[in-house]
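Undergrad: Listed here are the chains, written in short residue letters.
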Amino acid sequence: MTKLDLLRFPLIKTLLRSRWPQFLVRLLALAGFVLAVLAGLLGTPVGSRSFAIVFVWILCWALLMLAAVPLFGRGWCSVCPIPMPGEWAQQGALLGPLQTMTARWRLGRPWPRRLRGIWMQNAAFVLVALFSARVLTTPLVSALVLGAFLLVALVTSLIFERRAFCRYLCPVGGFIGLYSQLAPLELRVRNTAVCASHREKTCYNGSLEGPYAGYGCPWGAFPGGLVRNTSCGLCMECLRTCPHDNIALNLRLPGADLEQRRGRGLDEAYKGLIMLGSALAYSAVMLGPWGALKAAAFAVGSLPWLGYALGFLTLVLGVLPGLFLLAAAAGQRLAGRPLDRRSLKQAFAQNAVALVPLGLAAWAAFSLAFAASSLTYIPVALSDPFGWGWDLFGGAGVGWTPLMSGAVPPLQVIVLAGGILWAARSAVDVQGGRAALPVIGFCLLAGAGLLWLLVG
Amino acid sequence: MPARRAERTARLLAVLLVLGLPLGLLLARLISDRSSPVVEIHARMPHDGGFLPGEIQAVAGEPLRLRLVSDDVLHGFAVGQTDFPEIDLYPGQTVETTLVFDQPGRYTYVCTRWCGPDHWRMRGVIDVRPAAGETALPPAADPPLYLELGLDLDAPHPARVTPASRPAAVTGIELPGRYRSQDYLRAASPAQVWEALRSDPVTHGMDDEQVWGLVAGLWQESTTPQRLEQGRELYARSCAACHGETGTGDGVFASQHARDAERSDHAGAVEGHASPGGAVDGHAIEAPADFTDPENMLGAAPALLHGKIVRGGMGTGMPYWGTVFSDDQIWMLVEYLWTFQFDLEEGK
Numbered sequence: 001m002t003k004l005d006l007l008r009f010p011l012i013k014t015l016l017r018s019r020w021p022q023f024l025v026r027l028l029a030l031a032g033f034v035l036a037v038l039a040g041l042l043g044t045p046v047g048s049r050s051f052a053i054v055f056v057w058i059l060c061w062a063l064l065m066l067a068a069v070p071l072f073g074r075g076w077c078s079v080c081p082i083p084m085p086g087e088w089a090q091q092g093a094l095l096g097p098l099q100t101m102t103a104r105w106r107l108g109r110p111w112p113r114r115l116r117g118i119w120m121q122n123a124a125f126v127l128v129a130l131f132s133a134r135v136l137t138t139p140l141v142s143a144l145v146l147g148a149f150l151l152v153a154l155v156t157s158l159i160f161e162r163r164a165f166c167r168y169l170c171p172v173g174g175f176i177g178l179y180s181q182l183a184p185l186e187l188r189v190r191n192t193a194v195c196a197s198h199r200e201k202t203c204y205n206g207s208l209e210g211p212y213a214g215y216g217c218p219w220g221a222f223p224g225g226l227v228r229n230t231s232c233g234l235c236m237e238c239l240r241t242c243p244h245d246n247i248a249l250n251l252r253l254p255g256a257d258l259e260q261r262r263g264r265g266l267d268e269a270y271k272g273l274i275m276l277g278s279a280l281a282y283s284a285v286m287l288g289p290w291g292a293l294k295a296a297a298f299a300v301g302s303l304p305w306l307g308y309a310l311g312f313l314t315l316v317l318g319v320l321p322g323l324f325l326l327a328a329a330a331g332q333r334l335a336g337r338p339l340d341r342r343s344l345k346q347a348f349a350q351n352a353v354a355l356v357p358l359g360l361a362a363w364a365a366f367s368l369a370f371a372a373s374s375l376t377y378i379p380v381a382l383s384d385p386f387g388w389g390w391d392l393f394g395g396a397g398v399g400w401t402p403l404m405s406g407a408v409p410p411l412q413v414i415v416l417a418g419g420i421l422w423a424a425r426s427a428v429d430v431q432g433g434r435a436a437l438p439v440i441g442f443c444l445l446a447g448a449g450l451l452w453l454l455v456g
Numbered sequence: 001m002p003a004r005r006a007e008r009t010a011r012l013l014a015v016l017l018v019l020g021l022p023l024g025l026l027l028a029r030l031i032s033d034r035s036s037p038v039v040e041i042h043a044r045m046p047h048d049g050g051f052l053p054g055e056i057q058a059v060a061g062e063p064l065r066l067r068l069v070s071d072d073v074l075h076g077f078a079v080g081q082t083d084f085p086e087i088d089l090y091p092g093q094t095v096e097t098t099l100v101f102d103q104p105g106r107y108t109y110v111c112t113r114w115c116g117p118d119h120w121r122m123r124g125v126i127d128v129r130p131a132a133g134e135t136a137l138p139p140a141a142d143p144p145l146y147l148e149l150g151l152d153l154d155a156p157h158p159a160r161v162t163p164a165s166r167p168a169a170v171t172g173i174e175l176p177g178r179y180r181s182q183d184y185l186r187a188a189s190p191a192q193v194w195e196a197l198r199s200d201p202v203t204h205g206m207d208d209e210q211v212w213g214l215v216a217g218l219w220q221e222s223t224t225p226q227r228l229e230q231g232r233e234l235y236a237r238s239c240a241a242c243h244g245e246t247g248t249g250d251g252v253f254a255s256q257h258a259r260d261a262e263r264s265d266h267a268g269a270v271e272g273h274a275s276p277g278g279a280v281d282g283h284a285i286e287a288p289a290d291f292t293d294p295e296n297m298l299g300a301a302p303a304l305l306h307g308k309i310v311r312g313g314m315g316t317g318m319p320y321w322g323t324v325f326s327d328d329q330i331w332m333l334v335e336y337l338w339t340f341q342f343d344l345e346e347g348k
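Residue numbers (the working numbering), protein chains in the order written: chain C, 1 to 456; chain Y, 1 to 348.
Accuracy of the hints is not assured; some may be wrong.
[Said to hold, decoys possible] Straight-line alpha carbon distances no greater than 25 Å define the calculated SDA-like cross-link-like pairs of lysine to any residue that follow: (1) C:201 to C:116; (2) C:294 to C:306; (3) C:13 to Y:5; (4) C:294 to Y:73; (5) C:201 to C:262; (6) C:13 to Y:6; (7) C:13 to C:96; (8) C:201 to C:189; (9) C:13 to C:194; (10) C:201 to C:137; (11) C:13 to C:35; (12) C:3 to C:221; (13) C:3 to C:227; (14) C:294 to C:96; (15) C:201 to C:96; (16) C:294 to Y:72; (17) C:345 to C:231; (18) C:294 to Y:49; (19) C:13 to Y:4; (20) C:294 to C:314; (21) C:294 to C:304; (22) C:294 to Y:5; (23) C:294 to C:137; (24) C:294 to Y:71.
[Stated by the list, open to error] Cβ pair distances, simulated, as ranges: (25) C:123 to Y:73: 33 to 41 Å; (26) C:410 to Y:245: 40 to 48 Å; (27) C:413 to Y:73: 31 to 39 Å; (28) C:114 to Y:121: 54 to 62 Å; (29) C:299 to Y:121: 20 to 28 Å; (30) Y:73 to C:310: 28 to 36 Å.
No lab work stands behind these hints: they were computed from the structure.
None of these values were measured; they are calculated from a predicted model.
The C-beta atom is built at its ideal place from N, Cα and C for all residues, glycine as well.
Start from the sequences and build out the full structure, keeping to the hints where you can.
TA: As structure tokens, then:
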């Protein structure tokens with residue numbers, strides 16, 4: 001397989017090895033985050049005029065789904081501001097390690113073994129999704145949720161070692177990790193034999209030595225053993241601590257990780273189904289014509305909302321997994337493979353690889369719709385972030401205009417069609433031949449549903 | 001850069017950017033507001049608070065700077081009985097305006113865009129004090145005509161006679177001068193005027209419908225097409241949502257009133273406002289009046305309709321407009337209401 005190691009270019013290597021560029025970008029992101037929280041707490045309650053809503057849930061979310069994740073995988077995680085205060089408190093420093101690796105006031109416990117995997121992230125995403133009609137549109141609620149993320153990350157960093165929040169709790173990180181498997185970018189080691197002979201394993205344990213001073217992998221991964229992008233946050237810490245120049249940042253063919261069979265568990269399978277179900281639900285609620293559904297999703301705490309919540313949970317945790325299980329079982333049967341519990345579990349987890357391209361395509365198609373129609377909110381939110389009647393950059397008077405409305409439906413069709421085809425190819429890679437047909441059928445059904453909701 | 005110096009620089013940047021940026025923005029707002037005092041009014045749907053604040057102080061002759069913003073749906077802002085332009089308040093869009101009141105007094109500001117079922121409750125008050133050194137208040141307004149005439153606004157007023165069909169205005173007939181007096185036509189109901197004309201020798205030889213035509217003609221001559229047009233605009237903006245474009249009481253919010261009326265009937269039976277059978281006594285929520293009903297309308301004097309608009313319905317759901325419209329505006333509205341009974345645009 002052809003790969004291009006970007007770290008062979010001195011400028012890129014220098015920029016990524018140095019802590020300053022990353023720190024400055026993260027600091028800017030943190031300032032924006034704090035501004036968003038303040039705008040939500042103190043500014044206008046009208047979502048379309050609030051920096052909190054426009055910049056976080058419209059601009060950043062669209063950039064995430066349409067560019068950051070498809071092109072850079074976990075690239076967002078490398079500049080995410082949410083864990084910053086926690087890291088500073090945990091490490092006792094903003095840049096690299098000073099005399100000691102960690103500050104005195106943290107407990108540094110390892111994350112409980114039973115809670116490893118991405119089950120907690122699945123639960124966190126479903127929890128936020130239940131309230132998303134309010135979170136994504138009401139500045140105050142959004143500010144409280146974002147503030148809660150910051151607080152939970154801080155507390156987690158004080159109790160547990162490394163970036164435990166990012167690895168095991170962050171609802172956004174859960175799906176970024178899943179979809180990062182499709183990105184044309186990966187961080188790997190150049191030569192595993194070099195890692196095998198390196199006793200200190202400074203990439204995992206950290207180092208205080210001169211030019212190689214840095215923290216052990218904040219994500220708790222061993223770079224020498226990375227075969228997929230899912231648990232590498234692209235923080236570049238290993239690039240700083242490896243004394244043997246053995247880290248590579250490769251450009252590669254998109255989706256190379258999908259060929260990996262190792263490490264695929266039920267948690268990732270459920271994540272794929274939760275994301276697919278959420279895309280369907282969001283498309284119906286946010287972009288659909290059913291006022292009663294919107295009203296029910298918005299009226300948190302009411303009886304109609306309870307009905308909506310139960311329906312959503314049934315879809316993402318019951319209906320979709322149930323249908324997918326049937327498809328996986330049918331595939332097993334067609335392939336003449338056993339149908340015992342263990343085999344079915346494995347088939348379920350392995351076939352879920354098809355949900356990765358399908359899910360990202362679903363979210364990209366959904367994001368195209370709201371992004372194009374909401375772009376003109378951006379100059380307004382930038383010029384008047386709090387909705388107080390300011391006009392900092394002359395854009396406060398820009399009227400709402402949906403952009404590219406003619407181009408969006410064809411783009412959505414292309415993206416969804418691409419996702420379905422890629423999913424079908426992945427299913428064939430897993431099952432082989434006609435045994436892949438049931439899973440392909442599932443993907444077609446989901447894709448057709450999305451097409452109908454978004455374009456039909 | 002040595003590690004400790006780099007760390008110090010990083011910490012300084014962090015404090016400047018992360019704390020300094022938002023604090024700087026908030027400070028800017030504080031300074032801007034202190035240097036030029038402004039009263040910020042938030043408009044919300046009535047069940048969420050309406051206008052906040054609902055009461056403002058001002059001084060006659062001094063500018064009152066207002067910053068208006070809607071926190072939810074489209075609202076409007078206007079100050080009753082003044083020439084200040086009406087302002088639309090789009091959700092989240094701040095509008096600044098400066099008002100200067102020449103005369104002290106209590107002014108009512110209202111929402112002018114239908115924002116929900118309780119839109120008519122969305123009002124506030126501007127208490128304008130006399131300028132420093134001045135103590136005289138403007139003279140009090142004249143009491144409404146219905147008070148002078150001793151009319152009971154809440155008593156039923158069925159017409160004893162009604163036309164067989166909608167009368168078209170007939171003018172050009174010589175009638176005694178008293179029939180054309182404004183005082184007379186405002187104090188008497190059309191049915192009363194019809195009875196007076198019917199028994200007057202001047203209408204010998206006319207049938208009942210022709211006499212109704214004369215009544216409609218008198219009503220036409222007491223107004224002008226321009227006044228009717230202004231009345232129509234006022235009706236469309238302030239009355240049609242409940243009373244309907246056709247005046248039949250089927251406005252878009254009429255169903256809300258009907259539901260409230262039903263609840264009020266049940267409540268009234270307990271609280272004593274209405275009989276157990278549900279008959280209302282003028283103080284419980286009612287469905288909006290049907291201006292096309294001849295029995296009800298033709299038995300009402302213009303002064304009675306004027307009074308109802310000025311005073312409101314006292315719990316029936318009909319808002320009061322006495323502090324919002326000028327007296328002449330209310331008369332124009334009353335004159336327009338008769339177009340639901342008479343063909344006033346026709347005639348000479």
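Undergrad: Each hint needs a verdict: does it hold in this structure or not?
TA: Consistency of the hints with the structure:
For the proposed pair residue 201 of chain C and residue 116 of chain C, the alpha carbon gap of about 22 Å is at most 25 Å, so the pair holds. Distance check on the hinted pair: residue 294 of chain C and residue 306 of chain C sit about 13 Å apart at the alpha-carbon level, within 25 Å; holds. About 23 Å separates the Cα atoms of residue 13 of chain C and residue 5 of chain Y, which keeps this hinted pair within 25 Å; it holds. For a cut-off of 25 Å, the pair hint linking residue 294 of chain C to residue 73 of chain Y stands: about 17 Å separates their Cα positions.
Under the criterion of a C-alpha separation no larger than 25 Å, the hint pairing residue 201 of chain C with residue 262 of chain C is consistent with the structure, at around 23 Å. Distance hint between residue 13 of chain C and residue 6 of chain Y is fulfilled; the C-alpha atoms sit about 20 Å from each other, no more than 25 Å. Between the alpha carbons of residue 13 of chain C and residue 96 of chain C the distance comes to roughly 17 Å, so the proposed pair stays at or under 25 Å and holds. At most 25 Å may separate the alpha-carbon atoms for a hinted pair to count; residue 201 of chain C and residue 189 of chain C meet this at roughly 13 Å.
A threshold of 25 Å between alpha carbons decides the hint, and for residue 13 of chain C with residue 194 of chain C the separation of about 20 Å falls inside it, so the pair holds. A threshold of 25 Å between alpha carbons decides the hint, and for residue 201 of chain C with residue 137 of chain C the separation of about 46 Å lies outside it, so the pair is violated. For the proposed pair residue 13 of chain C and residue 35 of chain C, the alpha carbon gap of about 32 Å is over 25 Å, so the pair is violated. Between residue 3 of chain C and residue 221 of chain C, the direct Cα distance comes to roughly 22 Å. Compliance with the 25 Å bound is thereby established for this hinted pair.
Taking the CA atoms of residue 3 of chain C and residue 227 of chain C, the gap is about 14 Å. The hint holds against a cut of 25 Å. In summary, the hint linking residue 294 of chain C to residue 96 of chain C is not supported, as the alpha carbons are separated by about 48 Å, beyond the 25 Å threshold. Distance check on the hinted pair: residue 201 of chain C and residue 96 of chain C sit about 18 Å apart at the alpha-carbon level, within 25 Å; holds. Pair hint residue 294 of chain C plus residue 72 of chain Y holds up; C-alpha atoms about 16 Å apart against a cutoff of 25 Å.
A C-alpha spacing of about 22 Å is found between residue 345 of chain C and residue 231 of chain C, which places the hinted pair at or below 25 Å, so the restraint holds. At most 25 Å may separate the alpha-carbon atoms for a hinted pair to count; residue 294 of chain C and residue 49 of chain Y meet this at roughly 24 Å. For a cut-off of 25 Å, the pair hint linking residue 13 of chain C to residue 4 of chain Y stands: about 23 Å separates their Cα positions. Taking the CA atoms of residue 294 of chain C and residue 314 of chain C, the gap is about 18 Å. The hint holds against a cut of 25 Å.
Restraint check: the Cα-Cα separation between residue 294 of chain C and residue 304 of chain C comes to about 10 Å, which is no more than 25 Å; the hinted pair holds. Restraint check: the Cα-Cα separation between residue 294 of chain C and residue 5 of chain Y comes to about 54 Å, which exceeds 25 Å; the hinted pair is violated. Simply put, residue 294 of chain C and residue 137 of chain C have alpha-carbon atoms about 12 Å apart, close enough for the 25 Å limit, and the pair holds. The straight-line distance between the Cα atoms of residue 294 of chain C and residue 71 of chain Y is roughly 20 Å, inside the 25 Å bound, and the hint therefore holds.
Roughly 36 Å separates the CB atoms of residue 123 of chain C and residue 73 of chain Y, a value that falls within the hinted 33 to 41 Å. For the pair residue 410 of chain C and residue 245 of chain Y, the beta carbons lie near 43 Å from each other, so the given range of 40 to 48 Å is met. Our hint of 31 to 39 Å for residue 413 of chain C and residue 73 of chain Y holds, since their Cβ atoms are close to 35 Å apart. With their beta carbons about 57 Å apart, residue 114 of chain C and residue 121 of chain Y fall inside the hinted range of 54 to 62 Å.
A hinted range of 20 to 28 Å for the beta carbons of residue 299 of chain C and residue 121 of chain Y is consistent with their spacing of about 23 Å. Separation of residue 73 of chain Y from residue 310 of chain C is about 30 Å and conforms to the stated range, judged on CB atoms against 28 to 36 Å.
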